[in-house]
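Given the structure of chain A, go ahead and fit chain B onto it with the hints provided.
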Amino acid sequence: MATAATPSSLCQGSECLVLGIESTAHTFGVGIARWGSKGPELLRDSRRSYVPKSGGILPREVSQFFSQVAAKVIEEALSLNSISARELDAIAVALGPGMGPQLRIGATVARALAASLNKPLVPVNHALAHIEVARLTTNLRDPVVLYVSGGNTMVTTYVDGRYRVFGETLDMALGNLLDTFAREAHLGPPYVINGVHVVDKCAEGGQMIEGIPYVVKGQDVSFSGILTAALRLLRRGARLNDVCYTLREIAFSAVTEVTERCMAHTGKKQVVLTGGVAANDLLNRKLDMMARSQGGVYAPVPKWYSGDNGAMIALTGLLALMSNITVEPERAYINQMWRLDEVDVPWYGKLL
Amino acid sequence: MVWQTTLSGLDWRNGLRLIKRGAESEIREGTFMGLRAIYKVRVPKEYMNQALDRALRTQRTLKEAKILDMAAKAGVRVPRLYALFPSAGLIVMEYVEGPTLKDLISSGDNWRPLAVEAGRQLGLLHRAGIVHGDSTTSNMVVSPRGLTLIDFGLAEFSTSVEDRAVDMHLLRRAVLSTHPSLASEFIDLFVKGYASVMGDAHRDVVARANEIELRGRYVSARRSVWAGEERS
Chain A
1 MATAATPSSL CQGSECLVLG IESTAHTFGV GIARWGSKGP ELLRDSRRSY VPKSGGILPR
61 EVSQFFSQVA AKVIEEALSL NSISARELDA IAVALGPGMG PQLRIGATVA RALAASLNKP
121 LVPVNHALAH IEVARLTTNL RDPVVLYVSG GNTMVTTYVD GRYRVFGETL DMALGNLLDT
181 FAREAHLGPP YVINGVHVVD KCAEGGQMIE GIPYVVKGQD VSFSGILTAA LRLLRRGARL
241 NDVCYTLREI AFSAVTEVTE RCMAHTGKKQ VVLTGGVAAN DLLNRKLDMM ARSQGGVYAP
301 VPKWYSGDNG AMIALTGLLA LMSNITVEPE RAYINQMWRL DEVDVPWYGK LL
Chain B
1 MVWQTTLSGL DWRNGLRLIK RGAESEIREG TFMGLRAIYK VRVPKEYMNQ ALDRALRTQR
61 TLKEAKILDM AAKAGVRVPR LYALFPSAGL IVMEYVEGPT LKDLISSGDN WRPLAVEAGR
121 QLGLLHRAGI VHGDSTTSNM VVSPRGLTLI DFGLAEFSTS VEDRAVDMHL LRRAVLSTHP
181 SLASEFIDLF VKGYASVMGD AHRDVVARAN EIELRGRYVS ARRSVWAGEE RS
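Just so you know, the sequences run in chain order A and B. Heads up: the first sequence begins at 1 in the numbering used here, then just goes up one per residue. Heads up: the second sequence begins at 1 in the numbering used here, then just goes up one per residue.
There's no promise every hint is true.
Claimed, not checked - Dumping the calculated EDC-like pairs for lysine to aspartate or glutamate here, alpha-carbon to alpha-carbon at most 20 angstroms:
| hint | chain 1 | residue 1 | chain 2 | residue 2 |
| --- | --- | --- | --- | --- |
| 1 | A | Lys217 | B | Glu162 |
| 2 | A | Lys269 | B | Glu24 |
| 3 | A | Lys268 | B | Glu162 |
Hint data in this document are derived by calculation from the structure and do not stem from the laboratory.
For reference, chain A alone in the conformation it holds in the complex:
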């Protein structure tokens, strides 16, 4: 890491301050990242999450919520750090992947802010931001990354300029599997109570039963068959605790196994877990055991940065800005399907 690197010409002084806006799913988050004498650091961040009263996320309702809280969250992030908007060097925004209506709120706010402050706008890929915040906070700088959240499940690692997707889900995301099963089994919403997912709670006292398929196809996982089979078992009178236990055991083992294959294949010895499901105890235990058995080390992203947040967008925006990556506000289009492996990461191994 180049700790003594000077910030790019786009920064005002010896320090560089970037404000980042996250709005891809159910959280509107604003964070600030700074390039100081010791390299990149995260300042305090602010966020508001939309919690549905029943069912899943309705994009239109969430975007209405976002437009109500946006100004407040931005003000809060600035005042928490006693920073005025004038001091910022750039505005970063997650332009994808995510849900259209929510992305548009973040993009609109960011464009307006950048234009009114006359500061550069930096486009950030949401998945990349989850990875970069994990690399910074775990101090594991060249890891195999398992990224699991409500909308994403992938195993990726940096090779030759970009993060390459080694394996991913062929259908639904891991977080979506847990939430959808909980909803159908009448365990939620809410899906997380006191930091524990309702499926984890329900799995206590359960044991392994037959009837749920374990699907790892080459380097990819598939969860829709698991969901269907689990719900069928319930209808046929299986114990709910056993179904929760088995579904979770199979889904977590499958993502751990793909991560293991990526380690063996690339020879990398560091493993990092990031994304909304990263706070899960059992998944952490499995990955830790797996990494040790492969002679490697493992660390999860800290809990505060596991879910969607503005700090990771600010961090990635800072690194991009210092690599001279900006976008004209009128060209800052959202991209709901923006893939991680389309993004160049010129700062890898240099700035971070």
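Chain B only, in chain A's frame:
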């Protein structure tokens, strides 16, 4: 072939030299009834529920053996099966002597007939309803018996054009990454051998392999970033 369900009391690993450790298996070298042999064992995964782990290892070991057996019966050159211990996750098979195709190309020997033969072997495998899943030049051994396909750890029963094209794509990327200047001639000869077995069906596979190349984001292309590296 020996078929047993348990290996109790047999400390068979003693004195067997470890050649390679992959994500799920250890490859050791030893002898079996006087013959030089490969011991491929799927090792228990500590992080999995024991019953699940045992079931998966048994299932995968059986499937790999079945694939080897079916491929051999279809005339594909593959390692001979010596013994199978499904519940122990162990397959004992022939040690195929010789350099890998990758090393042979590097050595400057005449590889041209072998490119045709590689295509023919993959064609025979596909015609038998099997795809290899990791068909690189590192997994082809040039033995005195002839070019032999090894490492069926990711092989599947499939006749889909997509899966067959992935095999062809993996091979092409492997050659491109290790021997770029020879790649186009190699592939032409390879396709000639492949077509000699697959007939007109080869056209769809070649077309799809080209398409996969362009897609650049699919399973196959993702693998290609690492293609040419050794693994098991």
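Results for each hint:
1. Lys217/A / Glu162/B: Holds, at roughly 14 angstroms.
2. Lys269/A / Glu24/B: 16 angstroms, holds
3. Lys268/A / Glu162/B: 30 angstroms, violated
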